[in-house]
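Trainee: Turn these sequences into a full structure, and let the hints guide you.
What follows is the residue order along each chain.
There are 2 protein chains.
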Amino acid sequence: MSFTRPEDIEAESFRIIAEEMKEKGISIPGDEAPVTMRVIHTTADFDYSATLAFSKGAAEKLSRLLKQGTRIVTDTNMAKSGINKGLLSGYGGEVLCFMAEKNVASEAAERGITRAMVSMERAASLTGDTVYVIGNAPTALMLLKEKIEEDGYRPAFIVGVPVGFVNVVKSKEEIRKTAETYGIPYIINMGRKGGSNVAAAIINAALKML
Amino acid sequence: MSFTRPEDIEAESFRIIAEEMKEKGISIPGDEAPVTMRVIHTTADFDYSATLAFSKGAAEKLSRLLKQGTRIVTDTNMAKSGINKGLLSGYGGEVLCFMAEKNVASEAAERGITRAMVSMERAASLTGDTVYVIGNAPTALMLLKEKIEEDGYRPAFIVGVPVGFVNVVKSKEEIRKTAETYGIPYIINMGRKGGSNVAAAIINAALKML
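Chains as they are written, first to last, in this note's numbering: chain A, -12 to 197; chain B, -12 to 197.
Check each hint, because a few of them may be wrong.
Same chains, same names: a pair is fine if it fits in one copy or spans any two.
Derived pair list, reagent style BS3-like, types lysine-lysine, alpha-carbon separation capped at 27 Å [what the hints assert, rightly or not]: (1) Lys72 x Lys89; (2) Lys89 x Lys195; (3) Lys157 x Lys9; (4) Lys134 x Lys157; (5) Lys43 x Lys11; (6) Lys157 x Lys43; (7) Lys164 x Lys89; (8) Lys54 x Lys11; (9) Lys132 x Lys43; (10) Lys195 x Lys134.
If you're looking for bench data, these hints aren't it; they were derived computationally from the structure.
Quick caveat, the model's predicted, so the values are computed rather than measured.
Mentor: The structure is reproduced here in structure tokens:
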């Protein structure tokens, strides 16, 4: 165990990731590299280098939004827990998650929709800009798509990385098309993989770029 | 979007996972299958079927411990956040994580060790049984190894699934050897992969087996 200080371990990890990316012939554009590498650091899974999709300049755009203290709304308390609140609060930012609020569950049950959909509706009703960080629920992405296309709503940014086997691939393809059409910046992981840990890693990468 | 109810989506996901495991020629022993499948469900990564290592009867043993309300100590608040507290508290269980306590950071800094090591020392000083759920820090596993070998300490169970590129593979190999030697039941993911999401998925699988 030659490394024990967290900052040394992280530096050595990123050195290994860069070296193995080179060996594998993986090349990532400059502003995307810190995000892709941190996702690989979080998952030990180089597949993400092929599946993470960025709108033009997305990583820098996300960093700028966080620097301005733009509010984050996420669909899982696990992603909220994984986001570096020390860094975030230094820029005046905060992370909201409505999923576990009691009246969200009851409203979802009454209306026969998911808690994630109710949560996204509440987020979309807030004034001011919101960065959406979706690590779990395809229905959250579909609700955002509807809000964008039918209500003229404009998220400031969409991180779309649900994981899973049902509705997930399609929801990410559809929100990407919608985001492209309406010029909404995004980072989306195409395919089945993703998760709360990946969602948090993307935000933390953008924070560490500052 | 033909599935919207969470329980239907989960059932359909497990059906797809079982089908694809069969197609890939993956066969998992009976009591391990619910754990392995839930980890795949959480990560969309079938690699785990080859790398998850179980001591004999580990999944059932873990379930029994949780049914008895055995305390869980974890090395990340993200894993704590991901564990199904509704199910857990029904059996009288609780999840503790000492990582973010202020005096843990200061003690770690003073002694030149990691916060995870200080957290594990505190956990090992508690009376009664503890299930350790390590999703992040190789040093947590190394501290447990030392406590077992040098102080005669006996964890009730070890879930060892840190993720990463430095110290991670070795720490999992070493704690597995120690656990085998001293008859401590374990679920360990060999290799680089793992994480807080995987740690929580293993506990939730054991809870859902009840």
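Trainee: Compare the structure with each hint and give your call.
Mentor: Evaluated hints:
{"no.": "1", "hint": "Lys72 x Lys89", "verdict": "both (24 Å within a copy, 15 Å between copies)"}
{"no.": "2", "hint": "Lys89 x Lys195", "verdict": "between (34 Å within a copy, 23 Å between copies)"}
{"no.": "3", "hint": "Lys157 x Lys9", "verdict": "between (31 Å within a copy, 24 Å between copies)"}
{"no.": "4", "hint": "Lys134 x Lys157", "verdict": "within (17 Å within a copy, 49 Å between copies)"}
{"no.": "5", "hint": "Lys43 x Lys11", "verdict": "within (25 Å within a copy, 37 Å between copies)"}
{"no.": "6", "hint": "Lys157 x Lys43", "verdict": "within (22 Å within a copy, 40 Å between copies)"}
{"no.": "7", "hint": "Lys164 x Lys89", "verdict": "neither (33 Å within a copy, 45 Å between copies)"}
{"no.": "8", "hint": "Lys54 x Lys11", "verdict": "neither (34 Å within a copy, 46 Å between copies)"}
{"no.": "9", "hint": "Lys132 x Lys43", "verdict": "within (20 Å within a copy, 48 Å between copies)"}
{"no.": "10", "hint": "Lys195 x Lys134", "verdict": "neither (31 Å within a copy, 36 Å between copies)"}
Violated hints, in rising order: 7, 8, 10; the structure is consistent with all others.
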